[in-house]
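Undergrad: Read off the chains here:
Protein chains: 2
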Amino acid sequence: MALLTDELYMREALKQARLAFQRDEVPIGAVIVSEGLIIAKAHNQVEQLCDVTAHAEMLAITAASNYLGSKYLHGCTLYVTLEPCPMCAGALRWAQIDRIVYATDDPKGGFMRFGKTMLHPTTEISFGLCQEESQTLLKHFFQSKRL
Amino acid sequence: MALLTDELYMREALKQARLAFQRDEVPIGAVIVSEGLIIAKAHNQVEQLCDVTAHAEMLAITAASNYLGSKYLHGCTLYVTLEPCPMCAGALRWAQIDRIVYATDDPKGGFMRFGKTMLHPTTEISFGLCQEESQTLLKHFFQSKRL
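So the sequences go chain by chain: A and B. Take 2 as the starting number for the first sequence in the numbering used here and just add one per residue. Take 2 as the starting number for the second sequence in the numbering used here and just add one per residue.
Treat the hints as calculated values from the structure; they're not laboratory data. Misleading hints may appear alongside valid ones.
No copy labels: a pair is met if it fits in one copy or bridges any two.
[Claimed, not checked] Within a straight-line C-alpha distance of at most 20 Å, the following computed EDC-like cross-link-like pairs (lysine to aspartate or glutamate) qualify: (1) Lys72 with Asp25; (2) Lys146 with Glu134; (3) Lys72 with Glu48.
Let the sequences and hints guide you as you build the complete structure.
TA: Encoded structure:
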């Protein structure tokens, strides 16, 4: 049951990633869930906002804090379609988020090349859910850029 | 001459840090300079905005990109009163900033515990300018919190 629920939320993150694709952004989407409720949805907006800090995760963190009225995201889970970069991992550490679920890893750009200590010691991570969908979307995006 | 100019800009960053102190925020300030001109000033606003992403550096990066109309901060220098954290270092990497000057290091919270590879390979760093002023300000802030 937990897995089915995780998949449901990851599918919402994938919807956000597809929105990014439609807007000619690197297709990455994120949602943040608290007590079963999606409290933030965001997609990568780096090009639209002309701002390197406008990753899906960063926008979702800001929106979730605004919703909760708390800078800490205790009790929250982030679902994101790609392994967060070090910037986003650093933000997630500050937010002390409970759990991070990402669809596909990013050996070149992801935070894990610096190790799990980038995150808060209490943050749990898992990945691999909807991996193929996320990879396919990213592959199509970068292929379209090379045409 | 270069050092005098660096000091001038760092003193502006310290003014921002003092503004943060007055507003009961951890006193950290930053300015970004392009072609000798200060194009962004910011201070830590995490408590005011209730948002862990609202570090001085992050706000300055967003403001500088807005000013330049570019997500890349080529030709820019960031002056910041404390060694950036991994989140901010990650953002500075994405922005491909030319140079980072920080007043005092942060062995526990700074990005350097993960190494200089957190930054873009072309980014230069230096530190130690106005170190004592920055340290004194931070010390006073944390002492006032323990009273």
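Undergrad: Taking the hints in turn, state whether each one holds.
TA: Consistency of the hints with the structure:
no. : hint               : result
1   : Lys72 with Asp25   : between (31 Å within a copy, 15 Å between copies)
2   : Lys146 with Glu134 : within (19 Å within a copy, 49 Å between copies)
3   : Lys72 with Glu48   : between (26 Å within a copy, 8 Å between copies)
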